[in-house]
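**Student:** The lines below spell out each chain.
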Amino acid sequence: MSNVQRYLLVALAAVVLVVGFIVLSDSGDDDSGGATNAATATQPPPAETETTGGATAPAPEPEPEPETETDADAEPGPDAEPAEPRVPTIRVRGGQPVGGVETLRYEEGDEIDFRVRSDAADDVHVHGYDIEKPVPAGGAVRFRFDASITGRFEVELHHSGAVIARLEVQP
Amino acid sequence: MRRRALIAAGLVAGLALALPAAAAAHGLVGKQDLPIPRWLFAWGAAGVLIVSFVALATLWPTPRLQELRERVVWRVPAARALEILCGAIGVFAFAVVVYAGLAGSQSPQENLAPTFIYYVFWVGIPFLSFLIGDVFRLFNPWRAIAVAAAWLAARVGGRDALSEPLPYPRALGRWPAAIGIFLFAWVELVYVDRDDPSTLAIMALAYAAVQLVGMSLYGIRPWLRNADPFGVTFSLLARLSPLHWRDGRLAVRRPLAGVVALDPRPGTVALVCVMIGTTSFDGFSMGTVWNDVAPDVQQVLMDIGFGAEVALQIAFTLGLLVMVLLVSALYRLGVEGMRTVGEAHSAQELARAFAHTLVPIALAYLVAHYFSALTYQAQAMAYLISDPLGDGSNLFGTASATIDYGWISANAIWYVQVGALIVGHVCGLILAHDRALALYRDHRAATRSQYWMLVVMVGFTSLGLWLLSAASQ
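Chains as they are written, first to last, in the working numbering: chain U, 1 to 171; chain L, 172 to 644.
Hints in this document: simulated from the structure, not taken from any laboratory.
Honestly, I wouldn't trust all of these hints.
Between beta-carbon pairs, the in silico distance windows are [what the hints assert, rightly or not]:
| # | chain 1 | residue 1 | chain 2 | residue 2 | range |
| --- | --- | --- | --- | --- | --- |
| 1 | L | 460 | U | 2 | 46 to 52 Å |
| 2 | L | 575 | U | 2 | 49 to 55 Å |
| 3 | U | 133 | L | 373 | 31 to 37 Å |
| 4 | L | 630 | U | 134 | 48 to 54 Å |
| 5 | L | 423 | U | 9 | 26 to 32 Å |
| 6 | U | 144 | L | 481 | 40 to 46 Å |
Using N, Cα and C, we set each Cβ at its ideal position, and we do this for glycine too.
This is chain L alone, in the form it adopts within the complex (with noise of 0.2 Å):
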């Protein structure tokens, strides 16, 4: 009897720690970073506070980076005709994804949507957005789509055919943006199905359909200045480039200047929190603190009467809406510390002056966490793009490229790791220095208002420190 009783507790037992365990890896990278070493956890902590100590010591005592200067170093030639063709490329490549979605292999390691959607386009992007500027902008396929359709009608339908859109709400802001991005994390962290070619296929066309309403309605600027979540993020990344394009000329700028003129519209502390929170979480998913509380929190939604699958999702997103909140209180704490330092600034006022410093923060997580996974998972577009709906053909005669697993060394990636983090930290500090000095009248009250910035920053970094070692894994 006893044995038998024993029997069945293991099979329980194992059942419940399979469960989460399953939900929570993403299929489609076959390699996990290892946790980083104590050794390297502690050199990053203290590299943190040393570095935080000595900028607070020697930082500039008046503003500096407050005036964007840019200088226009090359005019692109044929503009117009190279924005068609990049609008083109957008739209053929978004076809191709949705089409390999739809029609191709559902196994997703087969299929070209989900490693294109997941790493070339999510991950992929704001790399690029941050090292060469905001090439999204040119390529976004439903913009491309949307002025194509502006520009038939027209063509059409004269001058007038196109109703005036509708004023953008100002309330409204950057919060279409930021909870675009949750739905999206959402989508790729708790959703059983998100591997699921189709289901991201169908996902992606909604998508389309939505911002070219949205589009329709506010009209195309202000739309996608606001209100697509991705165009949003990724030309909020591009700040951090020295390179700016705009209207066929390229600029070039100091590194961070761009972030400085972020304008703080509504949403814009929502977005950046929900960008460093949804990236800590894919973390948090995966370790250890997590997947011992997981199947309880499951366990109790099962005992309401939620089905096991349906009470993983809801315990996954409570995890996911958990530490957005936790970021955001964070930065609270921050804000709420600078009101004490006198000059009666609101809180509002604080919290929306200080939002560019977490940009930094949120590329060095997106850094952290994603820089490995995407030199694996781009190396699997060779594969992909030759045979995207994993149909065995092979249109570029690379199908049977494979994987280097081997090309990066474990301690390089830790490296890079823990030097994202320091160096977005370092960013951090330096912008929300630079802020307070122009922000404060009195220089003793911006030195004090730093210390509760210097709180928050290696808040956040230590946060990012605890979420790639072994401790949290």
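If we strip away everything but chain U, and leave its shape as in the complex, we get (with noise of 0.2 Å):
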């Protein structure tokens, strides 16, 4: 092979790999217009999902998931705020999230949303926001602000330590 030969296959080489790389990021982001803000569980689904007897009616939004809740649940809190069906809501019981760890997937300029509630007092920290709100025992806490950082970020309680939910806020 001669020189010319080499320096032609290489620059025809960069050439499909610059077009290559064009087509498939213009398509890409047309997939990832296909992500909603929806509360999804990256872990299987929830298994108590029966015991909550189905308290969300499905609205006309893909929204709510089966662990979006009503207050209508079997922990009757302090807090009278009423009910929000569209606010997910992240139930901590014994220090550990009911139905394991969810992802609570958003994109970035959403505005992210969500409560938790548990039956024990203990401080909700979301990591990378940082943010830290109390949550009183048996009592909800909720958590409003813009998804202005991409990434993944793990809500945690700062007492016992645990992640009880999981942020993803794509671009």
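Two chains, two frames, a set of hints: combine them into the complex.
**Tutor:** This is the structure in structure tokens:
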């Protein structure tokens, strides 16, 4: 193979790679547009959905998920917040999230909005965004903030150290 | 009844799922990278293949890299004084980290020790080594202590005060380094108290003690060249750098030329495989595949009679071991394949002759997995140096600094990750190609041997891409 042929081959490969990159990254943007800000379980579906008896009526939006529930569950807390079926709620019992660690998915620029309901008092810490709020025993606390940083973040109970949920913010 | 059973089942399932998840995540960094999207995975994989075949067709027909040529470009003024100063800085930093770990707050985020050890030291120094050469040798605290002690002993007791060191066993080679890095990875990825500052400080002291004993028995230089796990690893990665510091002089060499000159002592292949395998397991253990498997393994071990925590650690230890063995097996496959192309080279000869080709892959894995975490935790150093103990002090006025997680976009991180893997792949291919030309007398045998190395390299790069992708996460 002569030197000229070599250079041509390298140049051809470079062109193929650049074109491939552009084509793929365009179509990739369309793909990611399909993501929703609904809470979806990455772990196997929580077995406890049966216990809540499908408390959520399916809304026209794709948002409500099995673990999204009204306050009509077995744990009447002291907070008199009205039921808001569209706000995902992470329920904590015995220092662990009921149904396992869920991932709440958002896109950059969305409003992140979820609640943590716990049987014991603790501090709830959202990593990365570094937001910390106390949750009273048997009560709930609501987090609302803009999804300004992309990445995966853990929501952690500060005293028990348990991870109770993950946030995923896609660009 | 049914309802209650379901609640119980749900709780058990929830607990079982929560356990490995809580154990897998490194609690130090507040943000984990998003998996690379499917389109970039596809492009990366296609890129690797295209680059590989172009390389096969166009790489040079005679060896070009085997001869190491270096040019001294700078004589460092007052080199001796500089070495003493750097050593003192190293010892001081080591002392501060150990003191902070023992005396400071035991919250991993507030204490200097965990961030310093896991990010500044273990990730930061490899990046620096690759960019500006083997700087760790200058700052190495246990080396500095040993050199000072030897100097003092010679001053006080005369030249004969120190007995002649034992000859370092040749067969041992770099094995102590390989085992040491595996143990460190075990602490970082498996051990439940991995982030506990005082535990880390005690382990750092124990490590330094082992190094000092080793150096006193076998001599400072032979020990550091073979058996100081961090020193050996960092100098291995520094071989990729075009800069070479030696005896007070700075020499320049072609990129990759330094690693070609690597002497393949026993344990070298093991060390590189441990580096790649442990980094792989760090990615793998975050993923869904592992988090589906781990609870089952844990359950089996708990049935045997282990406690939940011990069982989980055993499961993770097995995973770590399997990953290292898998990486070694892939390399071995390439070696066995090369044996089939003619010319009677033994498996050991071939394994050692191509060991250096895995060094760029190891660095690529390191960059792909830890690049973003390093940039975040390096920012954490801003407040940690002002408040190393986490007791509210503010030595330099930067205690209230925070980490800006948004400084780099998710897209930019993905490009760095995929780019690192592809560049590492190309470097590995080039090194293997050149070594084959030098090793095989017959040009055709050299070319055919490289189909096998191509399989190995594509295997490593695909594994690396897969670990970063949504498929595994």
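**Student:** Each hint: holds or not?
**Tutor:** Results of checking the hints against the structure:
| no. | hint | verdict |
| --- | --- | --- |
| 1 | L:460 <-> U:2: 46 to 52 Å | holds (47 Å) |
| 2 | L:575 <-> U:2: 49 to 55 Å | holds (52 Å) |
| 3 | U:133 <-> L:373: 31 to 37 Å | holds (35 Å) |
| 4 | L:630 <-> U:134: 48 to 54 Å | holds (50 Å) |
| 5 | L:423 <-> U:9: 26 to 32 Å | holds (31 Å) |
| 6 | U:144 <-> L:481: 40 to 46 Å | holds (41 Å) |
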